[in-house]
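Q: Letter by letter, the chains look like this.
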Amino acid sequence: MTEVSVAKEDVAATGELVVLKNVNKHFGALHVLQDIDLTIARGEVVVVIGPSGSGKSTLCRTINRLETIDSGTIAIDGKPLPAEGKALAKLRADVGMVFQSFNLFAHKTVLENVMLGQIKVRKTDKKKAEEKARSLLDRVGVGSQADKYPAQLSGGQQQRVAIARALAMDPKVMLFDEPTSALDPEMINEVLEVMQQLARDGMTMIVVTHEMGFARSAANRVVFMADGKIVEEAVPDQFFSNPRSDRAKDFLSKILHH
Amino acid sequence: MFDFLSDYDNPTLLGAFWMTVKLTLLSGIGSLVWGTLLAAMRVSPVPLMRGFGTAYVNIVRNIPLTVIIIFTSLGLADIFGVTMGASDFKVQGFRLAILGLVAYTAAFVCEAIRSGINTVPLGQAEAARAIGLTFSQTLRLIILPQAFRSVIGPLANVLIALTKNTTVAAAIGVAEAAYLMKEMIENEAQTVLIGAVFAFGFVVLTLPTGLFLGWLSKRLAVKR
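Read top to bottom, the protein sequences are chains A and B.
Okay, so the first sequence: first residue is 1 according to my numbering, each after it adds one.
Okay, so the second sequence: first residue is 1001 according to my numbering, each after it adds one.
Everything hinted at is true.
Which residues of chain A face chain B? A partial, calculated answer using Cβ under 8 Å:
no.	residue
1	Asn-64
2	Leu-66
3	Lys-86
4	Arg-92
5	Ala-93
6	Met-97
7	Phe-99
8	Ser-101
9	Phe-105
10	His-107
11	Leu-116
12	Val-121
13	Tyr-149
14	Arg-165
15	Met-169
Straight-line distance between alpha carbons at most 20 Å, and here's what the computed SDA-like set of lysine to any residue pairs gives:
no.	chain 1	residue 1	chain 2	residue 2
16	A	Lys-108	B	Leu-1122
17	A	Lys-254	A	Phe-240
18	B	Lys-1223	A	Leu-153
19	B	Lys-1218	A	Ala-151
If you only want the chain A side, here are some residues facing chain B, beta carbon under 7 Å, derived:
no.	residue
20	Ala-89
21	Ala-106
22	Gly-117
23	Lys-120
No wet-lab data here; the hints were simulated from the structure.
What you are looking at is a predicted structure, and each value in this text was computed from that prediction instead of being measured.
Glycine is no exception: its CB is placed at the ideal position from the N, C-alpha and C atoms.
Build out the structure end to end from the sequences listed, making use of the hints.
A: Structural data, given as structure tokens:
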């Protein structure tokens, strides 16, 4: 991995980048997001944690409208999320997303995966796109795998390619939907290291994860969700050492002591 | 014993099979294009398109091909004056037959491709949308290429069926293999031999198709 020694930019109020107001969503009878208010500042790293079924993945997916919402508003960089169509596609290009199951395009090589969006969405010319793709692949440490197909890579490598693919679009914000949950334990760190580097470089990130170590070391803020609600928001140190809500105490006691 | 085979010159034996090949190739290409468009309609987010695609497939695939082919000639051409730009009756029959074969076969191509689309994991489309591809880009660049590769086998079946279905074009006077066979059977005594010759001719056309596409299907399979 290339060593980039960029100190983390000062997060202090460079503006609100992602604003969710009063967001509600139902899956049938299940009220999966209940009156969610959440504001993420430019350059901020927010980690969303909580028990399974608490709505944290759904929350993450509503931000680029892979899930629609029933009521409330979501704005990115001051602009409300458009409905379907070209405007929505344009917005999604500015929001990078990394999935639990990687979702690399199975019929394209690693290099093509990272070039596709640049060429088809950003209209970058092929040569520049390839240059950028190769440098991003080097940056996430899979430069030597550029000509392989996704199925030939390990899970950790695939996920790093997926991160490179998202970064190739120069996103304003990156969404990570449980990026390490499908990985073998020994591959989790290689992905987390890339994410940590990204955080240090000042990328705005929303990370849904069960990796408490990552939350402690990289997050500016921890958002704890349970039963479709945001129960607690705090800086990591305060949240992990001194959670205020009973729900968070209960959750932490189950995951931290073994 | 095979003397009679060279007694025919309108069409000749080879000429008749060449007509079968032309009907198959042109209808094959046409139905692949139209069938893909129908499949795109059936998965599109626009309800009107979905409705049209569904209605088309369910109506057309349930009508006998003979009825469709005869309708193109007696209905489209004779009543509605659709001559497909042909002044000559033979050319008109040829073009109408292709129209009918495309209309019919596309329904089966559509369903094969749609089942292929269902084999592509949802995450592929989500990832494509997440990098900002539009619906049609997602379909063209991500979903259909993977869907096609997984349905080469079923499409080979459709192509083989199409090759044999071209014989129905004889009903509107297209001089292809079955047309010649009927003529020979009327004039010659060796009916079993005639049948065998034409059966063999079709096997020669379809067997390599099946083997080649089977090989292609394995070669192009998407590894997950």
